[in-house]
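Peer 1: So the chains spell out like this:
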Amino acid sequence: MPLNRKDLLGIEDLTAEEIELILDTAETFRDVNARQIKKVPTLRGKTVINLFFEASTRTRTSFEIAAKRLSADAINISASTSSVVKGETLVDTAMNLQAMAPDAIVIRHSSSGAPHQISRILKASVINAGDGAHEHPTQALLDALTIRQNKGRISGLRVAIVGDILHSRVARSNVHLLVKLGAHVVLAGPRTLLPLGLDRLIEQSPGTITFADNIDDAIADADVVMMLRIQLERMAGGFFPSLREYSIHYGLNRRRLQLAKPDCIVLHPGPVNRGVEIDSDVADGPFSLILDQVSNGVAVRMAVLYLLAGGSESSK
Amino acid sequence: MTKPTLIKNGRIIDPSQSLDAQRDLLIREGRVAEISESIDAPDAEILDASGLIVAPGFIDLHVHFREPGQEYKETIESGSRTAAAGGFTSVCCMPNTNPINDNSSVTSFIVERARESAIVNVFPIGAITRESKGEELAEIGEMKKAGIVGISDDGKPVLDSGIMRRAMEYSIDFDLPVIDHCEDCCGSKNWAMHEGEYSALMGLKGLPGAAEDLHVSRDLLLAEMTGARIHIAHISTAKSVDMVRQAKARGVRVTCEVTPHHFTLTDEDVYRSGYDTNFKMAPPLRSRADLDAILEGLRDGTIDAIATDHAPHHANEKMLEFDRAPNGIIGLETAVSLTLDRLVHRGIITMTRMVELLSINPARIFKLDRGTLKPGSIADVTIFDPEKMVTIDPNASLSKSRNTPFGGWELKGAPVRTVVQHRER
Numbered sequence: 001m002p003l004n005r006k007d008l009l010g011i012e013d014l015t016a017e018e019i020e021l022i023l024d025t026a027e028t029f030r031d032v033n034a035r036q037i038k039k040v041p042t043l044r045g046k047t048v049i050n051l052f053f054e055a056s057t058r059t060r061t062s063f064e065i066a067a068k069r070l071s072a073d074a075i076n077i078s079a080s081t082s083s084v085v086k087g088e089t090l091v092d093t094a095m096n097l098q099a100m101a102p103d104a105i106v107i108r109h110s111s112s113g114a115p116h117q118i119s120r121i122l123k124a125s126v127i128n129a130g131d132g133a134h135e136h137p138t139q140a141l142l143d144a145l146t147i148r149q150n151k152g153r154i155s156g157l158r159v160a161i162v163g164d165i166l167h168s169r170v171a172r173s174n175v176h177l178l179v180k181l182g183a184h185v186v187l188a189g190p191r192t193l194l195p196l197g198l199d200r201l202i203e204q205s206p207g208t209i210t211f212a213d214n215i216d217d218a219i220a221d222a223d224v225v226m227m228l229r230i231q232l233e234r235m236a237g238g239f240f241p242s243l244r245e246y247s248i249h250y251g252l253n254r255r256r257l258q259l260a261k262p263d264c265i266v267l268h269p270g271p272v273n274r275g276v277e278i279d280s281d282v283a284d285g286p287f288s289l290i291l292d293q294v295s296n297g298v299a300v301r302m303a304v305l306y307l308l309a310g311g312s313e314s315s316k
Numbered sequence: 317m318t319k320p321t322l323i324k325n326g327r328i329i330d331p332s333q334s335l336d337a338q339r340d341l342l343i344r345e346g347r348v349a350e351i352s353e354s355i356d357a358p359d360a361e362i363l364d365a366s367g368l369i370v371a372p373g374f375i376d377l378h379v380h381f382r383e384p385g386q387e388y389k390e391t392i393e394s395g396s397r398t399a400a401a402g403g404f405t406s407v408c409c410m411p412n413t414n415p416i417n418d419n420s421s422v423t424s425f426i427v428e429r430a431r432e433s434a435i436v437n438v439f440p441i442g443a444i445t446r447e448s449k450g451e452e453l454a455e456i457g458e459m460k461k462a463g464i465v466g467i468s469d470d471g472k473p474v475l476d477s478g479i480m481r482r483a484m485e486y487s488i489d490f491d492l493p494v495i496d497h498c499e500d501c502c503g504s505k506n507w508a509m510h511e512g513e514y515s516a517l518m519g520l521k522g523l524p525g526a527a528e529d530l531h532v533s534r535d536l537l538l539a540e541m542t543g544a545r546i547h548i549a550h551i552s553t554a555k556s557v558d559m560v561r562q563a564k565a566r567g568v569r570v571t572c573e574v575t576p577h578h579f580t581l582t583d584e585d586v587y588r589s590g591y592d593t594n595f596k597m598a599p600p601l602r603s604r605a606d607l608d609a610i611l612e613g614l615r616d617g618t619i620d621a622i623a624t625d626h627a628p629h630h631a632n633e634k635m636l637e638f639d640r641a642p643n644g645i646i647g648l649e650t651a652v653s654l655t656l657d658r659l660v661h662r663g664i665i666t667m668t669r670m671v672e673l674l675s676i677n678p679a680r681i682f683k684l685d686r687g688t689l690k691p692g693s694i695a696d697v698t699i700f701d702p703e704k705m706v707t708i709d710p711n712a713s714l715s716k717s718r719n720t721p722f723g724g725w726e727l728k729g730a731p732v733r734t735v736v737q738h739r740e741r
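If you're matching them up, the sequences are chains F and B in order. The working numbering puts the first residue of the first sequence at 1, with every later residue one more than the last. The working numbering puts the first residue of the second sequence at 317, with every later residue one more than the last.
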């Protein structure tokens, strides 16, 4: 079954079957990544441009490694080196790249919707590597892959997502994905950072979405606890008074983690603010799968590039 | 001397004289000479209005013509042609040009440019405060002498209540309405859309309805205290409509306008558009409940006027990311069709009420010598066809800009032509 679409703009548009397809495909690439020679000829002759308008180490490197392991030619463009600083519009940049006939453009942008805007102009596949506070689909897919490997399923699990939900594209993509695959998502964080109403527009089937009144309620009986990075500039924005208070009231520590199921796993999309949203002994502890997430990121991105930029089954 | 004009066989709807009947209309020397069942005037040019509606010329209380300063977006000339194509015979220009219309020399420039190049009446609105900074009053009296018909810091809400109070008091001496763009920032600087379920889903920074409500409530209290005339620009929320309704009942001298996009579109349309920047404007497209309250306000008389907030932006500027793109859409050419299609044909308001919202009411709010076809009055006329089907084509617009969310829409009802003969030269 092919992934019958040009772009991956968000999890919101995907069906459960498409998500399962990407995850299943990623499993096979995990095997490739475990080999001594970690390279397949699948995308030989294809060009993948990583167009990053926002700083990123992990995601950009992950996409670059994914493209190279598929034998595609990967080019990285960051906003500081492109024409964007000269006042060129996003649309102009996209048209110029199009003229060089790439097969896929991976875009990270601080404005929500930027990938959607350029996807309407580009013939190349557009892969959203994070747009503003909107979506970060490959992050949700790698989180799902990590959960599935450890729990054997996603359906029926209770997943707590804690922190700055309002500004988090990771949270939005995860909410969409987990609900489509039947998990029960519980969101918690300071009231100033909760996008209340998010639950009303997402079909709560087969999974559900609820907002918890506090972090302890969210973590209680959780199978998965996903902590979000809190950004320092939110303090200046008046969303919370201090990092100290944040870590006391909303941070994950060993005591809080005891409220979760005994076999609970802890995820974090990184980069981690140790001692703020998560204590080091939890981040480095036995329940933490933070580094597994990073490994799975490469496999998931290989799957997405493969399914969109088109390799054929036989060449894999 | 211009040739007399005889408009024959039209259905004249003129709420100012409770007229709705098939009549002929004769214009001589730019003024209404006669209205009667059948007129013969051998010396007149004849306009056949059979099957059409003839109304007092439509007045748009809220446009941005960008001259002086941003002539690449619109000029007084291109804007006036766009207005005429849309069925408007008079427009009121907001002062946020460059330089801002905050002194009489800029006002005089606009009046002069209109005289040279406009094909409809152009009435300037002056700034409330110097450079619209909200700090010191502009020279309102001098601008009035030069031709302004109201004062506003549109786009830059006057946040200091003390300054607003003084502006209201001072406006009374010059018999000018204070027009306010109501937007308390409510912790939402650089917002991109209405705050609600859809902003949550789209990851865009929202501006809550309360930001408008806070500002409207303050203005109503100050207007009640000072006795000034205030006009709420582009009202967009259910609570604001309700507060205006209550204030009117108490006798506060308040009026308000609504834009066609706020009675047609909601934040769901922003979502469905997939981050199309032609759905970004201030105030933002609100919720379904807000739109329903606006329809009720149009029905029960709380809302006094329909105004376009015609805000041209060059295509390059709208090609930006959604949160970086400028606010505003063009509206002069789509307003009459949207009003007919969405309000009249759907039974929200009558045809007479539509004409009232677009002619006599706006004329009264800004005290313009317009809005009526009573014999002797200035003969600005709008002729429209309520049945004509149109498809909106942004590329056919006479504006210098193309920023409309209504491209491709099929609407029932359209302006046919305008008559503007009386020019104060």
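Take these hints with a grain of salt, some might be off.
[To be verified] Calculated cross-link-like contacts (lysine to aspartate or glutamate; reagent style EDC-like; alpha-carbon spacing at most 20 Å):
(1) Lys-521/B x Glu-12/F
(2) Lys-683/B x Glu-458/B
(3) Lys-521/B x Glu-233/F
Because the hints were derived from the structure by calculation, they are not lab data. None of these values were measured; they are calculated from a predicted model.
Peer 1: Verify the proposed pairing of Lys-521/B with Glu-12/F, using a straight-line Cα cut of 20 Å.
Peer 2: Distance ~19 Å between Lys-521/B and Glu-12/F Cα, so the pair holds.
Peer 1: Holds or violated: Lys-683/B and Glu-458/B, Cα atoms, limit 20 Å.
Peer 2: holds, 18 Å
Peer 1: With the threshold set at 20 Å, check whether the alpha-carbon distance from Lys-521/B to Glu-233/F stays at or below it.
Peer 2: holds, 15 Å
Checked against the numbered hints above, the structure violates none of them.
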